[in-house]
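Given chain A, work out where chain B should sit, using these hints.
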Amino acid sequence: MRVLIVEDQVLLRDGLSRMLSAYGFDVAVAQPDGTRLAEELVAVRPDVAVVDVRLPPTFTDEGLRAAVAARRAVPGLPMLVLSQYVERLYARELLADRAGAVGYLLKDRVGEVREFVDAVRRVAAGGTVMDPEVVAQLIHRPDTLDAVTTREGDVLRLMAEGHSNAAIATRLIIAEKSVSNLINTLFAKLGLPPSADHHRRVLAVLSYLDRR
Amino acid sequence: MGAAIGLPAPVLLLLMAAAVPASLAAGLGVVFFAATVWACRRLAGAQRRRAAAVLGSPVASSYLPLPAGVPARLRTVVRDPGTWRDLVWLPCQFVVGIAGLVLSVGLWLAAVECVAAPALRAVLPEPTGFDPAVLEWTGRSGPLTWALVPVGFGLAVGAYRLPRYLIRGQARLAVALLGPTSAARLAARVDRLTTTRAAAVDASAAELRRIERDLHDGAQARLVALAMNLGVAEDVIDADPAEAKALLTEARAGAGAALTELRGLVRGIHPPVLADRGLAAAVQALALGIAVRVELDMRLERRLAAPVESAAYFAIAEALTNAIRHSGAGQVRVGLVDAVSAVRITVSDDGRGGADPFLGTGLLGIQRRLSAFDGSLRFSSPQGGPTVLEMELPCVS
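Line order of the protein sequences matches chains A and B. Position 164 (the first sequence) corresponds to 164 in my numbering; numbering is contiguous. Position 248 (the second sequence) corresponds to 460 in my numbering; numbering is contiguous.
Okay, chain A solo, but in the shape it has when bound (with noise of 0.2 Å):
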C-alpha cells in the first residue's frame, strides 16, 4: 500500500516514515510546500496520504486546504490529516464532502503506535476516523446530549473513530448485540434513521452533532 508522507517537522517525519515502513507500507515522504500540494497529492494518488496541517511557507492550515482541494478534485482521495490542535471547523470541512475515506487526528496519537497504524489502514480502506477530542468537544456541550449515557457517549466516540461494531464490542468488553442496541437508541435519541454502512453512520452522527 502506498502512503505518501507530508509534514514538514523532520523528526515527525522520520518517525513516521520509520514506522509506517515497519508495518509494511511502501512509503513516499512529498515535498511540505502548502502551495503546491494539492496538484502533487492528485499527480501522486496515493493509496492514502498523511497531511500535516500546518505547513511552509505560512504555517497555518495550508495542508489541510490542499487536502480539502486534492479531494475536489479526486473525490474520495484517501487523506489521513493530522494536527497539534483538533479543531470543529476543520472536521467540518473535512467531512463536508461526505466521500468517506478521510481522518483528523492528533499528531498524540502516532504514539499509539498500533491504533495509528490501523487508523491509516482505515482511512485508506474508505472509512473515517475522527480523532477522540472532536467527538469529545461534541459532547460535552452541554445542550446537545444531555440524554446520552456514559455507555452510548463511549459508543458515539468509538463509531466516529470509525470502528466497526464488532472491534467496538471487543473495546468496551460487552457483546456485539448490545452495540447494535445501543447505537439503536442512540440514533432513536439522535432522532436519525438507523443505517447498516458503517461510514454513513459516523458521518450522520458527526453532522447531526456540528449542525446544533
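Errors might be hidden in some of the hints.
Said to hold, decoys possible - Below 20 Å or equal to it, Euclidean Cα-Cα: the simulated DMTMM-like pairs (lysine to aspartate or glutamate) are:
{"no.": "1", "chain 1": "A", "residue 1": "107", "chain 2": "B", "residue 2": "447"}
{"no.": "2", "chain 1": "A", "residue 1": "107", "chain 2": "B", "residue 2": "473"}
{"no.": "3", "chain 1": "A", "residue 1": "107", "chain 2": "A", "residue 2": "118"}
{"no.": "4", "chain 1": "A", "residue 1": "107", "chain 2": "A", "residue 2": "33"}
{"no.": "5", "chain 1": "B", "residue 1": "457", "chain 2": "B", "residue 2": "447"}
{"no.": "6", "chain 1": "B", "residue 1": "457", "chain 2": "A", "residue 2": "112"}
{"no.": "7", "chain 1": "B", "residue 1": "457", "chain 2": "A", "residue 2": "33"}
What the hints assert, rightly or not - A few chain B residues that don't get close to chain A, going by computed Cβ distances all over 12 Å:
{"no.": "8", "residue": "266"}
{"no.": "9", "residue": "275"}
{"no.": "10", "residue": "420"}
{"no.": "11", "residue": "421"}
{"no.": "12", "residue": "424"}
{"no.": "13", "residue": "476"}
{"no.": "14", "residue": "574"}
These aren't lab readings, by the way, just hints derived from the structure by calculation. The model shown is predicted, which means the values in this text are computed figures rather than measured ones. Here a beta-carbon is modelled for each residue, glycine too, at the ideal position from N, C-alpha and C.
The following block gives chain B in isolation, referenced to the frame of chain A:
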C-alpha cells in the same frame, strides 16, 4: 443671545486693564482680576454649552486644575493659557455678536421697508425732510418701488435664515478659542496612554505569571515524572521486563497528558484558528463550542494586525461567556463589521438584562483589553433586556 454673551466684554476688559496698574499700586487689583476671571469663565462656560448644543459635540474646557490656597490659585490662574485665551475670545465674541445683531436687525428693517415701499410712496407722495431710504433711492418711481417688493421678500428669507449661520459661526469661534488647544489635547492623550499602557503592562505581566505557573505545575512536572519513569524502566528492563513495560506504558500516558496540557495552554494564549484564518473564522469556531444558539454576522474579510485580532477575539470570548453565564439568554448575536479604520463588534443577547457593568471583572477585563489599543466599549442592559455590548477597535488598514 450671541450678542448678549459678548456684551460685558468692554466692561471686563476695562476692569482687566484697570487691574494691572491698580494691583501694582495697592492689593485691590487682585480682587478686580479675580472677579474678571470668574466672570469670564462663567461667560465662556455658557458659550461652550451653547456651542456644544449647536454643533452636537461637547466643547471641553482646558483650565488647569485649581490648587488650594488663594496665592497658589492666583499663580495658577495667571499661568493658565486658558485665562488669556478667554480674554482673547471675549472681544472677538463682542464684535461678532454685536455685528451679528446689527446685521440681523438691519436686514429685517430693510426687508420691511422694501416690502412696504409702494405703501410708503402712497402715504408720502411729496419729498419730505424725513424720507425713508427706499423712496430716496427710487426717486418715488412707481415701477421701481413695486420692483422692490420681491427684493424685500428675498431679504426677509435671508434675515430669517441668517441667525442659524451666525450661531454656527459663533460656535466655531468658541471651539477654536475656548476648546482645548492642541497642546492640551496632546497632554490629555498622553495621560490616557500612560494609564492604559500601565494597565496593559500589568495585564500582560499577570498573564505571563499564569503561563509560567501552568507550565511549572503542569507539563514540566509531567515531563519530570516521565523522565523518571523512563530511567527506572531502563534500569529494570533486563531484571523485570514486565515491570519495565508497565513503566513504559505509564510514561507514554504521561507524555500524552503533558501534550494535552500544553495544547490547552497554547489555545488560551493564541487560538490556532485565529492564527490560521483570522478573526471571523476564529469567532465562528468559538460559536461552535457554545451551548446557546449563536447568530453570526461576519462582515470582515481581511486579516488584521495579530495583536488587534487577539484583543478582539478575547474580548468577544469574554462577552460571550458573560452573556451565557449571567443573562440566561437563549440566543446570542455577534456582529463583526469592517469599518476600514476600525472594527466594530456587537455582542447582544435576548436574556433578562439588568446586568451591572461594575459587577465582576468581565467587563473591566474587556475594557482593559480594548483600551490598550485605543478601543472603546459601550454597554447597555436595561431591566428585561436586551443586553448589548458595542466595541470599537481601531486598526490601521
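Compute the least Cβ-Cβ separation between residue 424 of chain B and chain A, then decide whether it is above 12 Å. 21 Å, holds
Looking at residue 275 of chain B again, its CB stays over 12 Å from all of chain A? 53 Å, holds
Minimum Cβ distance from residue 574 of chain B to chain A greater than 12 Å, as the annotation requires: At roughly 20 Å from the nearest Cβ of chain A, residue 574 of chain B sits farther out than 12 Å, so the non-interface label holds.
Residue 457 of chain B paired with residue 447 of chain B [C-alpha distance capped at 20 Å]: 12 Å, holds
Reported absence of residue 266 of chain B from the contact zone with chain A (all CB gaps over 12 Å): 51 Å, holds
Residue 107 of chain A and residue 118 of chain A were given as a pair; does the straight-line alpha-carbon distance stay at or below 20 Å? Holds, at roughly 15 Å.
When you look at the beta carbon of residue 421 of chain B, is every beta carbon of chain A farther off than 12 Å? 24 Å, holds
Take a quick look at whether residue 107 of chain A and residue 473 of chain B sit within 20 Å of each other, Cα to Cα. 14 Å, holds
According to the definition I'm using, a residue is off the interface if its beta carbon is farther than 12 Å from all beta carbons of the partner; does residue 476 of chain B meet that for chain A? At about 10 Å from chain A, residue 476 of chain B fails to clear the 12 Å cut-off, so the statement is violated.
Could you grab the alpha-carbon distance between residue 107 of chain A and residue 447 of chain B and see if it respects the 20 Å cut-off? 29 Å, violated
Is the straight-line distance between the alpha-carbon of residue 457 of chain B and that of residue 33 of chain A 20 Å or less? It is violated: about 39 Å lies between the C-alpha atoms, which goes past 20 Å.
Under the criterion that the straight-line Cα-Cα distance not exceed 20 Å, is the pair residue 107 of chain A, residue 33 of chain A satisfied? At roughly 19 Å apart (the allowed maximum being 20 Å), residue 33 of chain A and residue 107 of chain A satisfy the hint.
This entry does not satisfy hints 1, 7, 13, going by the numbered hints stated previously.
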